[in-house]
Amino acid sequence: MNDRPGEATDDVLELRDVRAGHGAVEALHGVSLRLPMGSTVAVLGRNGAGKSTLLGAIAGLVRVRSGSIRWRGRDLGALSAARRAAAGITLVPDRHNVFESMTVEENLAVFAGGGPTDAAHEVFPELAGMADRRAGTLSGGERQMVALSHVLLRPSPVVLLDEPSRGLAPAAVARISHAIEAIADSDRLVVIVEQYLHDVLRLADLAVVLRRGEVAFAGPPAELANQPS
Amino acid sequence: MSAATPPPFEARGIVRAYGERRVVDEVDLVLEAGTITAIIGPNGAGKTSLFDALSGVEEPDAGTVHLEGTDVTRRAPDQRARRGLARTFQQSTVFATLTVEENLRVGAENRHRDGVGRGLVGLPDRRAREARRITEEVLTELGLRLVRHVPAGRLPTGTLRLVELGRALCTRPRVLLLDEPASGLDDAETEELHQILHRLAGRGLAILLVEHDLDLVTDAADLVHVMVAGRVVASGPPSEVMARPEVRAVTSGPFT
Amino acid sequence: MLVLGLALAGIGVGAIAGLAGLGLLVTYRVTGVFNLAFGAVAMFAAYVLWWLVRVQQWPTSAAAVVVVLGVGPGLGLVIDRVVFRALRRRDAAPAELLAATLGGFVLLVGLAFALWGGQARTDAPSLVPQRSFELWGGTYVRSETIAGVAAVAFVGITLALVLRTGVGRTVRAVVESRQLAELVAIDADRVSAIGWAVGSTLAALAGVLLAPSLSLDPYGLTLVVLETMAVVVLAGAAHPGRAVAAALAIGIAQAELTRFHLDGAAGRLLDAVAANLFVVVLFLALLVVPRLDEAGRSGDAGSTARLAVRRELHTVRGWWIPAVVLLAVPLLQSGDALRTAQQIPAMAVILVSIVVLSGYGGQISLGQAGFAGLGALVSAKLTTGDLGPLPAVPALVAVPLAALAVVPLGVATSWLAIRRRGLFLALTTFAVGAVVSRFVFAQPDLVANVRIGPPPPFRGDDAFYAYELAGLAGALLLVRNLHRGRLGRQLVAVRDDEAGARAVGIDVARLKLVMFATSAGLAAFGGALLAASARAFDATQFDPVRSLLWFAAVVVFGVDSAAGAVLAALTLVAVDAALPSGSSTLIIGALAVLLGRLPGGLLYSLRRLVSGLGPGAPTPPAPAAVRLSPQGLALARRIRR
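Chains as they are written, first to last, in the working numbering: chain A, 298 to 526; chain B, 1019 to 1274; chain C, 58 to 698.
Chain A with its partners taken away, still in its complex shape (with noise of 0.2 Å):
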């Protein structure tokens, strides 16, 4: 299990040479990744890269043809999606990431699973205003303030954002951001897919970028910048 004496294995979210994709189709072709608990990391790449899919593979909607991916030591192979929320990876989707036909109370009521949603008013207090409203009347902003909520409610260790920037305008995009520093501490990780190369690039630790399902670039974001295309 352990294949490299010496180092620790232990605080890590870790990907063994990982196939998965949808279906027929394979998106992530043998991909490897150390993902230290307590960074933050970003994933780039063009449109059918790979990004969704490798999120999807670690919060266990994708299935996994062969490879694995261990967390702090433990193959999550076996565990279905519930089970991995539960055990604390949560994933806020690109698309389909608010229950649409509920109201925003209720979808948070929902996220909180019944508890408290202060969390989320204290960083959206918008929230309060649309209480009422259906989620699928709402506009983009409006719609990723309720879907990140999810995040706010339910603080897990591993956080997985796909593009929570989508199609927003910049000021929004910059509301998001300061709620995505809110989330990011010292023990979570924190994996966030994004289009934004500046944005997302100031607040990683450990840039990664994906080429046709297989890793191009695992480093310091800084490095990044000195890679051709």
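What the hints contain is simulated information worked out from the structure, not anything from laboratory work. No incorrect hints appear here.
Beta-carbon label-pair distances, calculated as ranges:
(1) A:A471 x B:S1253: 25 to 33 Å
(2) A:D482 x C:A217: 42 to 50 Å
(3) A:G516 x C:R221: 46 to 54 Å
(4) A:G412 x C:P347: 35 to 43 Å
(5) C:G62 x B:G1135: 53 to 61 Å
(6) C:Q500 x B:G1135: 30 to 38 Å
(7) C:F317 x B:G1140: 48 to 56 Å
(8) A:A471 x B:G1037: 24 to 32 Å
We put the CB at the ideal spot given by N, CA and C, even for glycine.
Since the structure of chain A is already known, use the hints to place chains B and C on it.
Leaving out everything else, chains B and C in the frame of chain A:
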């Protein structure tokens, strides 16, 4: 080009809305023959929704679409295809259990609706020879001859994109809508795509692409529209449009 | 104006229909599976109650509690755990889920047949003592009505209340987006199990309440309950309140209609409508209700693309040779054996018609018996000259003519269903079959004195069998043409990717229409042969429930395999001849339920086993190594990822 000839493709005032949310907000688009037009913009800007309205997959909530002067706004995708509008998709729609050649052949032999009766009885199709000829031409042109007998479901992404493009070309379209054709292609393949598009435009096709690969757009496109939150916020030749700071801010991806 | 007494009686029936509909709706919305087996669950529960009370001599109340609160939820939980959880894990397509519910349906019907026989029983125990209460001025209400209304009111209110609580919120979350619910650590499996249990319990309750007023028989009771899905369709497959209201309204309407009497044909039509109002409403609702959205995934339940075999395993060349040999064997027999064997080619043609529509055309067809029966009826009447102004036609000509005559019905069905996709398309085919059965086959004056038999030059047993084989050969040739050439490619294209097919100019709607037409014609031909081999028109042979059985058989043997269809026909007839009657139903049901372990059908799984690919989900292997020349290698290097 005389003023009396309608452009190959014209869309006016396209709106697509989900309840109050406008995903496409009054977009106008005109494609001239022999040109390549690109639409760029962040994810979620409404580009695919626009494409769906233009190709007939969804009906727009408002606006019109004209193909060579004929109103096709309410026409189904297969009707538009038979009239010369071809489209590729972001997620591959090749026929996975058919070979590459068969995929292209399907493109070539369905420009007419008839022939079902003959098929049921077992008689060969009347236009089979022509379809075969077109298929051979496109197979050769796109360099697919060596994989012609491979079932499409087994192909890597780059070849898949070519097959889908080939299939569209076999319908001998006059207007070609390409949804992220370079997605999943490496640099060599993207360059090959650029060459192909250039050749097609040279033959008089009107091409519209949605793309994230800004290098391809800069190289290939004659005209660029920038789409943000459902609206076109800037239009013009690539060199001018991409240089504008507000456009750069909104479209900078990992590789610019 | 409404006659109150009648209305009250109608409410009683309506209430029970409402219960059944609620059960179906709850399961559908919570689990995403449209449980066609709910009719069979109701029937089975009623049988268990009958058995406990009449055979084991239990007191009715104790038995009722065991059945409604034990067998009901029990069946649901077992179905969920054994069948559907595995399918969910496999991320099975909606078509596979629907096929699995059909398996459950067929299995339960088969079990009931095997355990308690097929004869109708009229002594089903009633949960409430049969009394009438006078309300005022000569209007009576029966205790059953009160019981029914009380039951549906209780259930309705409970459900409504539960939906408002936290539990209800959780359920609504799962219903709306299972995936998102899982990401919020909600145990969607447990919610599904509850959905199945509740749905099943309500079905059991409905069955138990309904049985006393009808007779207890495996086909009849099941069908009646199945028809209550009309209320679910009327409610847009979404609103429980609407479903119950619809049920009550139809119940009342049905009772009130019995007041009116017209003369002649109009009168008979009215009587038929009144007696079968639920079927009529189901049919009309499927035509007319504007938006029928499939729960959960973007609807594909009626498309059989995932059930179909992938073309990696090329059709075994010359498979028809051993088939011909096999089928020629009965010619060596005589007497009873040959007579029985005469059913095989006829059944094979019918099952092949299902392969054409469902396997090649990708549309789940649940109404084939209607086409088949009409083929039989029309050919018989054409021969005797009983079809209105048309002259008598020699039987040999009548059979193909009848097949052609039924083609328009297939076209009509396709056109009727044009707005529907997936699951509701499948239900539309069922509704058409049910309407044909109720309004044609069940009308005594239409099916009285029908004389049918082998057409004259082929009167002898041997000769008729050879005639049938020739017919089957013709059908298989037609099917072969659906594999080849432009048409064959079009069909595969539509199955592989409908959007892509449209994008290159294929008129998908018209293609599907052609599939329906061809399928209907073939089924009619097969039905004519079947009735001819039996030398009689037996309406029960073309009962709507048979359609479901036949479809399940085809799926088990491989929904897009003509060879499978022939084998299925052979199996069905042989099993029913050798084993007690109804065994074939049981076996097909069991196999259909196990379809989860046999993706692609029996034949496909066996072939994969034999060719060394091993059983498992039909995913294509990793990119194959294509042998290339040096230029090819260079090119491939350029194209390769």
